[in-house]
Every structure is written in C-alpha cells, then in structure tokens.
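> Listed below, chain by chain, are the residues.
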Amino acid sequence: MVEKEQELSLLETLDHLLDRGVVIAGEATISVGDVDLLYLGLNIVLANMDAVIRTTDKR
Amino acid sequence: MRAVVIGAHLKRDDIEPIAEAVPVGDLFLSGAPLSDDQPLGDRDLLLRVAALRARLLERATFVAIRYGLAVRSSEDALAKCAAQLPRWRRLLTEHRSKVEMTVKVAASDARPRPQRRDFTSGADYLRALHGATKAANVDPRFREAVSRMGTARWLHRDDRSLECALLIPRDDVSRVQEAGQQLKRDFPDVPFLLSGPWPLEVFADDHE
Numbered sequence: 333m334v335e336k337e338q339e340l341s342l343l344e345t346l347d348h349l350l351d352r353g354v355v356i357a358g359e360a361t362i363s364v365g366d367v368d369l370l371y372l373g374l375n376i377v378l379a380n381m382d383a384v385i386r387t388t389d390k391r
Numbered sequence: 304m305r306a307v308v309i310g311a312h313l314k315r316d317d318i319e320p321i322a323e324a325v326p327v328g329d330l331f332l333s334g335a336p337l338s339d340d341q342p343l344g345d346r347d348l349l350l351r352v353a354a355l356r357a358r359l360l361e362r363a364t365f366v367a368i369r370y371g372l373a374v375r376s377s378e379d380a381l382a383k384c385a386a387q388l389p390r391w392r393r394l395l396t397e398h399r400s401k402v403e404m405t406v407k408v409a410a411s412d413a414r415p416r417p418q419r420r421d422f423t424s425g426a427d428y429l430r431a432l433h434g435a436t437k438a439a440n441v442d443p444r445f446r447e448a449v450s451r452m453g454t455a456r457w458l459h460r461d462d463r464s465l466e467c468a469l470l471i472p473r474d475d476v477s478r479v480q481e482a483g484q485q486l487k488r489d490f491p492d493v494p495f496l497l498s499g500p501w502p503l504e505v506f507a508d509d510h511e
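These protein sequence lines map, in sequence, to chains F and C.
According to this note's numbering, the stretch in the first sequence is residues 333 to 391, in order.
According to this note's numbering, the stretch in the second sequence is residues 304 to 511, in order.
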C-alpha cells in the first residue's frame, strides 16, 4: 500500500510538472529518448488515473 | 548559463538559494541550471526540477511554467516572456497568500481509452486521446461537495477522469485535507485523489 501511494505521488508530481502551468510559445519540442513529452505527459495522466483507482480499491 | 525554467516569482528572495534566479523585467524566473549538452528529457533532471518546484512553493506562491522552457540569460528570458509579465505580476500580487489543490476523480461513465494499436499514426492516436476527454462525468453531489472546498475550476483532462483545481488560502491546506478525508467517508464508492499544495497552475491561466 505504501509503495502504491509512493508511485501515485511520483506520478502526480510528474503530471503537474509536464502538463500544468503556463506554456510559453516558441519552446522546442523535447523528448525523453524517442518519446515526445506531449505523449509522455498524456500517458502519465492516464497512468495516474489507473493508480488512483487501484489505490482507492485497496482501501 | 542555461537553465530550465520552473516558475515566475515576485521576489529574488523567493528563489535563492534554492534555485537560480533569472531577472526578467521586474519579476524573477526560477531555474535549474543545466549544461549545454544535457537534454531536457533527462530523467534525473525531471526529478530534480520536481523536487525544486516543491521546495520553492514552501517559500512563496509562484506562477508555474510548464516544463520545457530553457533560457540562457535575462535577455533571452525577457524576449520569451515579456508579453506575460504584467499578467504574472497581477496574479502573483493577487494570489501570493494562496495555493492550488487538485481533486482528480474517476468518471462514473468513462469511455474506453483509445488503443494505440488501432491507429496507424501517432498523431491520430493523440487526437483520439484528446477527443475522448469530454466523455467523463462524475456524481453531481460529489462535484458540489468538492466545489464548496475553495474557488473551484473543473477540467476535463482525459477520458476517464475529471479534475477540480481549488484555489485556497495557504493556511487552509489542512482544512482542505480534512475535508478530503470527509469526502472519502461521504462518498466511499467514488475513487478520487486529493493532491497539493501546488503553485498557480490552472489559475495562472485567465482563460480556463
């Protein structure tokens, strides 16, 4: 359970870092390996919801 | 000098010595230094910036800049951000004593997530993911209860969840966390996550 909550906390933190806040026009598209960050951000959002449901179901 | 930008702040003291302060007009950008050959997608850099973001918020509320903006100097920062500075100053002054909290709730009528293998191009897949975001809905009684916890903005972010950004006074973080515990008791069948405090993210955008 603690491990699940740590995973959830990390996913939530990365979700906010990659997918929130002011977007400044003109910034370059950046990637992690070959994965575009937009794609990575979306998948973190989706993985995050998986983790919310898994953690809640274990309560 | 090269730094990946974390946020916009009213005062230099809100940043140093936790992070690098880059003057931009009458405000300051916080930044994490990086070498010329270090990619912004570096995993360790991402985690370092996430940790710095949390420490900076403990000091003072700031306008969050989405990860990915790098600047080389004050002049470079000014060229990229000049148009935003009056609005940032107004937001920072108006909301200096406030933070955001987020309630992410699983949808009650979620649409199946698009599957990557069903698409021949990544662009079509991303469009389908974006298109699915309007499908989610939640129990209206839960929605009302969350909206009472602060100044609320509801957002559709993906196909299976809705999110509520709450703007609250810093001193109310514990109160909102306790209200979150009460929500779990009142709505035991609704999977949700209350997180924060966060800097000005959703409320940094006047158009949300």
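Calculated from the structure, these hints are not laboratory results.
For every residue, glycine included, the Cβ atom is placed at its ideal position computed from N, Cα and C.
There's no promise every hint is true.
As the list claims (entries may be wrong) - Pairs of lysine to any residue residues, derived as SDA-like cross-links and limited to a Cα-Cα distance of at most 25 Å, are as follows:
{"id": "1", "chain 1": "C", "residue 1": "Lys383", "chain 2": "F", "residue 2": "Leu343"}
{"id": "2", "chain 1": "C", "residue 1": "Lys487", "chain 2": "C", "residue 2": "Asp508"}
{"id": "3", "chain 1": "C", "residue 1": "Lys487", "chain 2": "F", "residue 2": "Ile356"}
{"id": "4", "chain 1": "C", "residue 1": "Lys383", "chain 2": "F", "residue 2": "Leu340"}
{"id": "5", "chain 1": "C", "residue 1": "Lys314", "chain 2": "F", "residue 2": "Leu340"}
{"id": "6", "chain 1": "C", "residue 1": "Lys401", "chain 2": "C", "residue 2": "Gln341"}
{"id": "7", "chain 1": "C", "residue 1": "Lys383", "chain 2": "F", "residue 2": "Asp351"}
What the hints assert, rightly or not - Derived Cβ-Cβ restraints for the label pairs, each shown as a range:
{"id": "8", "chain 1": "C", "residue 1": "Pro336", "chain 2": "F", "residue 2": "Leu342", "range": "35 to 41 Å"}
{"id": "9", "chain 1": "C", "residue 1": "Thr454", "chain 2": "F", "residue 2": "Val355", "range": "29 to 35 Å"}
{"id": "10", "chain 1": "C", "residue 1": "Ser424", "chain 2": "F", "residue 2": "Leu342", "range": "14 to 20 Å"}
{"id": "11", "chain 1": "C", "residue 1": "Ala386", "chain 2": "F", "residue 2": "Leu342", "range": "29 to 35 Å"}
{"id": "12", "chain 1": "C", "residue 1": "Arg351", "chain 2": "F", "residue 2": "Val355", "range": "32 to 38 Å"}
{"id": "13", "chain 1": "F", "residue 1": "Leu342", "chain 2": "C", "residue 2": "Pro326", "range": "29 to 35 Å"}
> So, for every hint listed, does it hold in this structure?
Quick rundown of the hints versus the structure:
{"no.": "1", "hint": "C:Lys383 x F:Leu343", "result": "29 Å, violated"}
{"no.": "2", "hint": "C:Lys487 x C:Asp508", "result": "30 Å, violated"}
{"no.": "3", "hint": "C:Lys487 x F:Ile356", "result": "37 Å, violated"}
{"no.": "4", "hint": "C:Lys383 x F:Leu340", "result": "34 Å, violated"}
{"no.": "5", "hint": "C:Lys314 x F:Leu340", "result": "32 Å, violated"}
{"no.": "6", "hint": "C:Lys401 x C:Gln341", "result": "34 Å, violated"}
{"no.": "7", "hint": "C:Lys383 x F:Asp351", "result": "20 Å, holds"}
{"no.": "8", "hint": "C:Pro336 x F:Leu342: 35 to 41 Å", "result": "23 Å, violated"}
{"no.": "9", "hint": "C:Thr454 x F:Val355: 29 to 35 Å", "result": "22 Å, violated"}
{"no.": "10", "hint": "C:Ser424 x F:Leu342: 14 to 20 Å", "result": "30 Å, violated"}
{"no.": "11", "hint": "C:Ala386 x F:Leu342: 29 to 35 Å", "result": "34 Å, holds"}
{"no.": "12", "hint": "C:Arg351 x F:Val355: 32 to 38 Å", "result": "21 Å, violated"}
{"no.": "13", "hint": "F:Leu342 x C:Pro326: 29 to 35 Å", "result": "33 Å, holds"}
Against the hints set out earlier in the document, violations occur for numbers 1, 2, 3, 4, 5, 6, 8, 9, 10, 12.
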